[in-house]
Structure formats: structure tokens, C-alpha cells
Amino acid sequence: MEQPAAPNAAGGAETRSSSAQKKEIYTHDADWTIYAMAWSQRDEPERGFRLALGSFVEEYANRVSIVQRRDAYEKCVGTGVGRDRTAAALQRAHNPGKAADSEAAFVTVGEFEHPYPATKIMWSPDRTSRRDLLATTGDYLRVWSVPDQREASDAESASSVEMVALLNNNKNSEYCAPLTSFDWNDTEPSLVGTSSIDTTCTIWDLSVPAVKTQLIAHDKEVYDIAFARGKDIFASVGADGSVRLFDLRTLEHSTIIYETSSLRPLLRLAWNKQDPNYLAAILADDPRTVILDVRVPSIPVAELGAHQACVNSIAWAPHSSCHLCTCSDDNQALIWDLTAMPKPIDDPILAYTADAEVNQLQWSTAHHEWVAIAYNTTMQMLHV
Numbered sequence: 003m004e005q006p007a008a009p010n011a012a013g014g015a016e017t018r019s020s021s022a023q024k025k026e027i028y029t030h031d032a033d034w035t036i037y038a039m040a041w042s043q044r045d046e047p048e049r050g051f052r053l054a055l056g057s058f059v060e061e062y063a064n065r066v067s068i069v070q071r072r073d074a075y076e077k078c079v080g081t082g083v084g085r086d087r088t089a090a091a092l093q094r095a096h097n098p099g100k101a102a103d104s105e106a107a108f109v110t111v112g113e114f115e116h117p118y119p120a121t122k123i124m125w126s127p128d129r130t131s132r133r134d135l136l137a138t139t140g141d142y143l144r145v146w147s148v149p150d151q152r153e154a155s156d157a158e159s160a161s162s163v164e165m166v167a168l169l170n171n172n173k174n175s176e177y178c179a180p181l182t183s184f185d186w187n188d189t190e191p192s193l194v195g196t197s198s199i200d201t202t203c204t205i206w207d208l209s210v211p212a213v214k215t216q217l218i219a220h221d222k223e224v225y226d227i228a229f230a231r232g233k234d235i236f237a238s239v240g241a242d243g244s245v246r247l248f249d250l251r252t253l254e255h256s257t258i259i260y261e262t263s264s265l266r267p268l269l270r271l272a273w274n275k276q277d278p279n280y281l282a283a284i285l286a287d288d289p290r291t292v293i294l295d296v297r298v299p300s301i302p303v304a305e306l307g308a309h310q311a312c313v314n315s316i317a318w319a320p321h322s323s324c325h326l327c328t329c330s331d332d333n334q335a336l337i338w339d340l341t342a343m344p345k346p347i348d349d350p351i352l353a354y355t356a357d358a359e360v361n362q363l364q365w366s367t368a369h370h371e372w373v374a375i376a377y378n379t380t381m382q383m384l385h386v
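Under the working numbering, the first residue of the sequence shown is numbered 3, with each subsequent residue one higher.
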């Protein structure tokens, strides 16, 4: 990422050479528009620098592709002719009509069909299980088992992904209320919360698997849900323009901590896991990101307004309580330092300009210095 006009020790503006920038940017081009995206939270060599990418195709048949940075993949399977043959076999398995590129920055290590575009993808926060689990939402909540490259003797079997659970809480009706988003609880990995257009949030217990609780969360569609640090508190946002807090121990009531003017819909929510007093939320078709303090409801503690078009995605730094990344239709991804709050935060500390509107970003929990963004059919991994 570029630092906007930051002074260096000599007093001049700090810039990075193009050669240095190339080393800090890795690019992957998919065969379809990328929408959902998630980093694996595992940092073992066989799972490092691995992301899941979901397609956005306006038809039933969509895809989820699992890619791994080539240098991390090579550490796992070794180097030389054997490695090249394995990578080529993976390429043939997942892209049969496409020639293998031995110089590509990423290797596709898994791919599977997904009904409708995945509205969100997350990897399990449980770092102790033998296999890495992946969850997706769309028409239903699905959980997938993803092997690593050391679990089989050939590329085709090593790259197989198996669905291990399909969770549906509407078995008595042919109508399926699409799920807009979900969150996986860091403290208790058996808990997953989903949000739906039918105004409900559902908390699932994956150890059963079954519904733990379901509640009417908003007056209109619910667009996002996020757990706080710990296993009991979560928040949601929706088309009614409110941010609502819930406690799994006392679900008889909820707390509205913020409502937009004119009740403009709120699309996305992110909870600061290092300092759970703070949340960030984005409004529909709005260039601002609002920062909320749960101790001071109703009024944002800060508004970030440097984007020139609507904000599409937000992510707190997993290792810092005062850094947030935002991306927008203005082609930019910005990183903000919120240390000065409640004083106004006018400018970001880092900025990156992509070649098109950035619709997704994720900050790696396993590799804190890397952020991934997606625009059109391109995913870029950026060193920050």
C-alpha cells in the first residue's frame, strides 16, 4: 500500500520504488467476478497464505475456489519436477481448458460448485482441528471440509473438498429465505450466527448440528451479523437503519445503539476484536464509515469520509485496536489510524488504488501484515 504524502526523515514525501511495490503485491485472476473472499486462519506451512474466493454469476451454478500463494504451496509440496507436476495436475483438475502457468503467483488447490453466489465465506477459527473447515451462506448455511496438500498422495485427491453439513431451519416450507451474511464465533467455534432477509438472526450449534436459537432481530431485512469478543454478545444491522446488540444469555430484549438519519439501510458491520467497545458500520450507497462506541449509543464517535464513492467492505486489523481498512467504488483501499478518537479523523495513513471498483477486502488473522482485496475478476494480496 502507498502512504499518502507521509514525510520521511529528510522531510520529503515518502514513496516506494516500483520494484519494491511489485514484491509487496501478489495478483490472482479468476475466471469469474469475485465477490465473497476469506483468509484461512491457519498459519501452518501447508495452510499458509490460503484464501477462498466465491464467484458472482447471475445463475444457479456458481463456484468457490481455494487458492494458495505459490511460495507457500512450494514449501508444502517441495520443489523441482515433482512439485511442478503436482501444480500442473491441480491446474488441469480445476481449470481443464486453461494452460498451467508455472510463474503464476497463486496455485488453485481446490474448487467446488456452490448453489447461487456465496454471500459470505469464512474459515473456521478453530486452529486445532486436523482438517480446515470452511463455511458459506447463500440459500442455506453449508460447512465444507478442506484437506491440505499433505493429506493425499496425488493432486486430485488432495484438492477434494467435501460438504459435511447443510443447515436449514425452514424444513416445513418450499420457500427459502436467502441468508445475507454470517459470523463464526472465535471463542466458541461451534457457534455460527446467520442473518436473513426474513428479519431473523439464527445462532447455530455446529457440534449437534442444530439451531441454538432464532430471533426476529429487525423490522426489515437483516444484512449482517457479527460476534463481539467472547461467546455471548453479537450485533446486527439491516434495512431498517439500526445497529442492534444482543446477549445470548438474555434474549428477551435487544439494545438499539445507533440509527441512521432517515433510517437509511446499514449494509455491513465489523466488531473490533482487540477493543470490543468499538464497532464499524457502512451505510447503503454512502462514502462514509461510522465508528460506534457501545458505551455511548446513538452518536458515532467518528465518521471516516475520505472515499469518493460508496464503501463496500470494512475490516479491523486483527492485531491492533486502532486500525481499520475500508474499500470503495472509488477504486481505493484505505487504512485508518483511529488513535486520535474522539477527535476528527480526516485522512487515512495508507492508501492503495486498484484498477477498478473494490468490492471486497479481508485482513489476514494469521499473517497480520497482509490484506486481500477483490475487484472484478482480480484478487490482490497487499503487504501493509
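Please keep in mind that the hints were generated in silico from the structure rather than gathered at the bench. Among the hints, a few may not be true.
Said to hold, decoys possible - Distance condition first, Cα-Cα at most 27 Å in a straight line; then the derived DSSO-like pairs of lysine-lysine:
{"hint": "1", "residue 1": "LYS233", "residue 2": "LYS214"}
{"hint": "2", "residue 1": "LYS222", "residue 2": "LYS173"}
{"hint": "3", "residue 1": "LYS233", "residue 2": "LYS222"}
{"hint": "4", "residue 1": "LYS173", "residue 2": "LYS275"}
{"hint": "5", "residue 1": "LYS77", "residue 2": "LYS25"}
{"hint": "6", "residue 1": "LYS173", "residue 2": "LYS214"}
{"hint": "7", "residue 1": "LYS173", "residue 2": "LYS77"}
{"hint": "8", "residue 1": "LYS233", "residue 2": "LYS275"}
Claimed, not checked - Label-pair ranges, simulated between beta-carbon atoms:
{"hint": "9", "residue 1": "GLU254", "residue 2": "LYS233", "range": "10 to 20 Å"}
{"hint": "10", "residue 1": "GLU26", "residue 2": "GLU61", "range": "14 to 24 Å"}
{"hint": "11", "residue 1": "HIS255", "residue 2": "ASP45", "range": "35 to 45 Å"}
{"hint": "12", "residue 1": "GLU176", "residue 2": "THR341", "range": "21 to 31 Å"}
{"hint": "13", "residue 1": "PRO47", "residue 2": "ALA179", "range": "17 to 27 Å"}
Beta carbons: idealized from backbone N, C-alpha and C, even for Gly.
Give me the numbers of the hints this structure contradicts, sorted from smallest to largest. Numbers 4, 7, 10, 12 and 13, in rising order.
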